[in-house]
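Student: Sequence:
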Amino acid sequence: MTILVIAEHDNASLKDATLGAVAAAALIATFMSQDIHVLVAGHNAHGAAEAATTIAGVAKVLLADAPQLKAGLAENVEATVLTLVQNPAKNYSYILVPATAHGKNVAPRIAAKLDVAQISDVTGVVSADTFERPIYAGNAIATVQLVDSMKVMTVRTTAFDAVAKVGGGAPIEQLEAAPDRGISQFVNREATKLDRPELTSAQNIVSGGRGLGSGENYATVLEPLADKLGAALGASRAAVDAGYVPNDYQVGQTGKIVAPQLYVAVGISGAIQHLAGMKDSKFIVAVNKDPEAPIFSVADYGIVGDLFGVVPALVAGL
Numbered sequence: 002m003t004i005l006v007i008a009e010h011d012n013a014s015l016k017d018a019t020l021g022a023v024a025a026a027a028l029i030a031t032f033m034s035q036d037i038h039v040l041v042a043g044h045n046a047h048g049a050a051e052a053a054t055t056i057a058g059v060a061k062v063l064l065a066d067a068p069q070l071k072a073g074l075a076e077n078v079e080a081t082v083l084t085l086v087q088n089p090a091k092n093y094s095y096i097l098v099p100a101t102a103h104g105k106n107v108a109p110r111i112a113a114k115l116d117v118a119q120i121s122d123v124t125g126v127v128s129a130d131t132f133e134r135p136i137y138a139g140n141a142i143a144t145v146q147l148v149d150s151m152k153v154m155t156v157r158t159t160a161f162d163a164v165a166k167v168g169g170g171a172p173i174e175q176l177e178a179a180p181d182r183g184i185s186q187f188v189n190r191e192a193t194k195l196d197r198p199e200l201t202s203a204q205n206i207v208s209g210g211r212g213l214g215s216g217e218n219y220a221t222v223l224e225p226l227a228d229k230l231g232a233a234l235g236a237s238r239a240a241v242d243a244g245y246v247p248n249d250y251q252v253g254q255t256g257k258i259v260a261p262q263l264y265v266a267v268g269i270s271g272a273i274q275h276l277a278g279m280k281d282s283k284f285i286v287a288v289n290k291d292p293e294a295p296i297f298s299v300a301d302y303g304i305v306g307d308l309f310g311v312v313p314a315l316v317a318g319l
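FYI, the numbering for the sequence shown is 2 to 319, going by our numbering.
It is possible that some hints are incorrect.
Stated by the list, open to error - With a straight-line Cα cutoff of 20 angstroms, these simulated SDA-like cross-link-like pairs (lysine to any residue) come out:
1) Lys16 x Asp66
2) Lys61 x Lys105
3) Lys283 x Ala163
Think of the hints as simulated: they come from the structure by calculation, not from any bench.
These numbers were taken from a predicted model, which means no experiment stands behind them.
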């Protein structure tokens, strides 16, 4: 039996989320001594495939390269995956996908076509068929056993220590992609270019909430601190809803799930929705004028005070 990890990539390079999914696969493999294969489905994606060959623990990289896979349309990726895993000679028993927007679009389609259950947001591996996942906005952990012969799951990659990008030497096997299903088409993509680390893979994150009062304050108060820390910028849902920053800054249950080494929460009260997205951070610093703010319940270091005085003092001290 073999574990298949569907890579997250931009055709030229791999996304860090892939490393977390491979880490989860490696834990599963310790129970049944299975090989790990990584599927790169794209177009002109040799760069991403070459990067996958060096990932520690990967036995083989499968490259499906075709124009209909260039945009990562879920319907076409799903069809290619099904062609692969339904081949009896391949003997796949697990399909792991990072729990990103793309992964959450692809995995349910695969599970439905295979007529098996899917487990979402896996955060722990108990045994070869038993996994942990958060429920109730992360306030409880469910232990779920999968009895299907094919186990499909999305992996919350921030819950696993990413495997090394180098150290492996897997060969590349070319696959024939499934034909274009013709039921969706790529129109255009508007990508945000950031001078800062990507939010979901940043080691340090500075997030702001409604307490900042305006988008202008968000920029003038938080950006100097983020610059000092080499951090990504995030925000609470309240700050996004108020129009301070775009919604791709949002951290929380309905935003992005992060687990950086350092998370600085400025002017964020700590609603359950927000805590669900960042409470697994290794070290949390909170700045809030309300000593009863829920954010202090998860903070390793809390500062009760006016953020407009505290944050500039932090910047000056760094």
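Student: Take the hints in turn and mark each one as holding or not.
Tutor: Against the structure, the hints:
For the hint linking lysine 16 to aspartate 66, the alpha-carbon distance of about 18 angstroms falls within 20 angstroms, and the restraint holds. As the CA atoms of lysine 61 and lysine 105 are separated by approximately 24 angstroms, the hinted pair breaks the 20 angstroms bound. In summary, the hint linking lysine 283 to alanine 163 is supported, as the alpha carbons are separated by about 14 angstroms, within the 20 angstroms threshold.
Going through the hint list in order, the structure does not satisfy hint 2, though it satisfies all others.
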